[in-house]
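**Student:** In case you want the letters, here they are:
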Amino acid sequence: MTKRLTKPEMLLALADNDNVLFDELKRLFLRLMPEQVKSLELTFAAGDTQTSLALLHKIKGSLQLVGAECTIYDLEQISSDTRCIGELPAKPRLNKLSSQLRHVINEVSQFESRSNPENPTS
Amino acid sequence: MTTASCEPKQKVLVIEDDLLQRKLVVNTLHRLGIDDVLEAGDSETTLGLIETSANGFDATICDLRLHMSDALDILSRSSKEKLGSIIILSGLPSDVMTASAQVLSRQGFDVRGCLPKPLNGLRLKSLLTQTNRETPPKIPQAPVRKNQAFTESEIMAALTTGQFVAHYQPKLTLQTRCLSGVEALCRWQHPEHGLLAPGLFVSLVEAYGLIDLLTERMLEQACQLITETRDYTHPLKVSVNLSADSLENHGAIQRLMAIVREAAVAPEQLIFELTESTLVKNDAQALELLTKLRIQGFGISLDDFGTGYTSLRQLRTLPVTELKLDRSFVTGAYASSRATHILDSVIGLAKHLHLNTVAEGIESDADAEFLEQRGCQEGQGYFLARPMPSDKLKRWM
Chain A
0 MTKRLTKPEM LLALADNDNV LFDELKRLFL RLMPEQVKSL ELTFAAGDTQ TSLALLHKIK
60 GSLQLVGAEC TIYDLEQISS DTRCIGELPA KPRLNKLSSQ LRHVINEVSQ FESRSNPENP
120 TS
Chain B
0 MTTASCEPKQ KVLVIEDDLL QRKLVVNTLH RLGIDDVLEA GDSETTLGLI ETSANGFDAT
60 ICDLRLHMSD ALDILSRSSK EKLGSIIILS GLPSDVMTAS AQVLSRQGFD VRGCLPKPLN
120 GLRLKSLLTQ TNRETPPKIP QAPVRKNQAF TESEIMAALT TGQFVAHYQP KLTLQTRCLS
180 GVEALCRWQH PEHGLLAPGL FVSLVEAYGL IDLLTERMLE QACQLITETR DYTHPLKVSV
240 NLSADSLENH GAIQRLMAIV REAAVAPEQL IFELTESTLV KNDAQALELL TKLRIQGFGI
300 SLDDFGTGYT SLRQLRTLPV TELKLDRSFV TGAYASSRAT HILDSVIGLA KHLHLNTVAE
360 GIESDADAEF LEQRGCQEGQ GYFLARPMPS DKLKRWM
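Same order as they appear, the protein sequences are chains A and B.
Mapping to numbering that gives the first Met the number 0: the first sequence position 15 is 14, numbers consecutive.
Mapping to numbering that gives the first Met the number 0: the second sequence position 352 is 351, numbers consecutive.
It should be emphasised that the hints constitute simulated quantities derived from the structure, not laboratory data.
Ideal Cβ positions, reconstructed from N, Cα and C, are used throughout, including at glycine.
One should not assume that every hint holds.
Stretch-level coverage of chain B by chain A, calculated; a stretch enters the list once three of its residues show a Cβ under 8 Å from a Cβ in chain A [said to hold, decoys possible]:
#1 72-79
#2 358-365
Anything over 10 Å on all C-beta distances counts as not near chain A; from chain B, calculated [as the list claims (entries may be wrong)]:
#3 108
#4 151
#5 189
#6 247
#7 267
#8 333
#9 348
#10 351
#11 368
#12 371
#13 376
#14 381
The calculated label-pair distances, taken between Cβ atoms and stated as ranges, are [stated by the list, open to error]:
#15 A/83 x B/55: 17 to 27 Å
#16 B/34 x A/73: 51 to 61 Å
#17 B/55 x A/45: 37 to 47 Å
#18 B/34 x A/108: 28 to 38 Å
#19 B/263 x A/90: 29 to 39 Å
#20 B/199 x A/91: 46 to 56 Å
#21 B/66 x A/33: 47 to 57 Å
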């Protein structure tokens, strides 16, 4: 069984258990996060340290909303190392983070608030 | 979060460039019974909303780091009366948020408090309903030094012809004795008098109002060094001295940031060093500009720590990342129990505040070993390495 990377219930709690608001926030997350991840991958590829740090900061904010603690930890390590050494870490670490972020997006997309009539079993 | 409402008919402005975070804030406000909410994601929209809002806002909730700008800039360009109470909402470290709140308070804004992300509705409600606020402390003034020797035109000519050169003194990690960074020290390569030490001209440069230009020249050279050493095993961190006068000038700090941006150097590789007297000489504006530098990622070091007027209270509020222990506490400290107690206290304090410590005036192996045993992280001094021009430094590295 794959370990869960997120706790989207946190987003539901932040929405005060309002399913309509949760769905709206979730839709926004699923619209914005893939764009941010794509931008991040481009800045990683370009070796653009400063833009990468700014994007990592922004993505961290979004990850906090869905309780993606492990990914936040990895992301902070990369940010901290980048600040310390002045350049981005090696590609495998960056690729691993990208992959985790995509996994996070996937998990959030599959999460449904309990009272959603379209998915009563979740 | 309970949905009990705040005061009715409040009008709130939300400044947040992240759409998801903004949505969450706006909806939280709606849940608190505040429906009159305006949103802005950038400086232009913010200023437009403030201008067109005839009666202004009861409160403004503001993220600190916005795309291409920071909130301090936007707010300082806005009418205090129109913005109402300010609530800072940010994912930046708490010391940066606290310093930002101090900056805004000193500018006359009614700052209600700071909230970390993700937004907690109950805490927001508590801030929106509170009425009291703490007044930040005033920093006293210190006198300006003056000197007479070189003329203004001589110094201006030296600035424009590149006679002020940076020499770099390495800082070493005491535990490993590996290079951890360098401090850029200004020298005047005078066509007649040869290489002049800063004590002979810096106070004059300040008195003539040219210190910003000198800092710019030093920063340009520091950025060039960082760029030239990019392929070395360890990317270099360079410290540059910042004068009191530069901290009284918004434009000067903007130009420094622009130099770093144009050089495509990560701000995290640069540390601005301030003496305690520099900080004492300025108050609200110095704090604001230091905070802006921290927001961008620059380090802030407090130089000559222990010799000036820096109180524990100031250390609590200033967004400092590093303490440089003055040489008077370092050189030969191993032979004095009183000096040892002082060092232990200062290093312990720095650790608790999560500040990096650098010992200046390491003049013997005994000094280096002693400071390392006391827990000081880095050292600088003639025993470890003397200041040197950039070409020599690159060979030394």
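**Student:** What are the numbers of the hints that this structure violates, sorted from low to high?
**Tutor:** Per hint list: 1, 2, 7, 15, 16, 19 and 21 violated.
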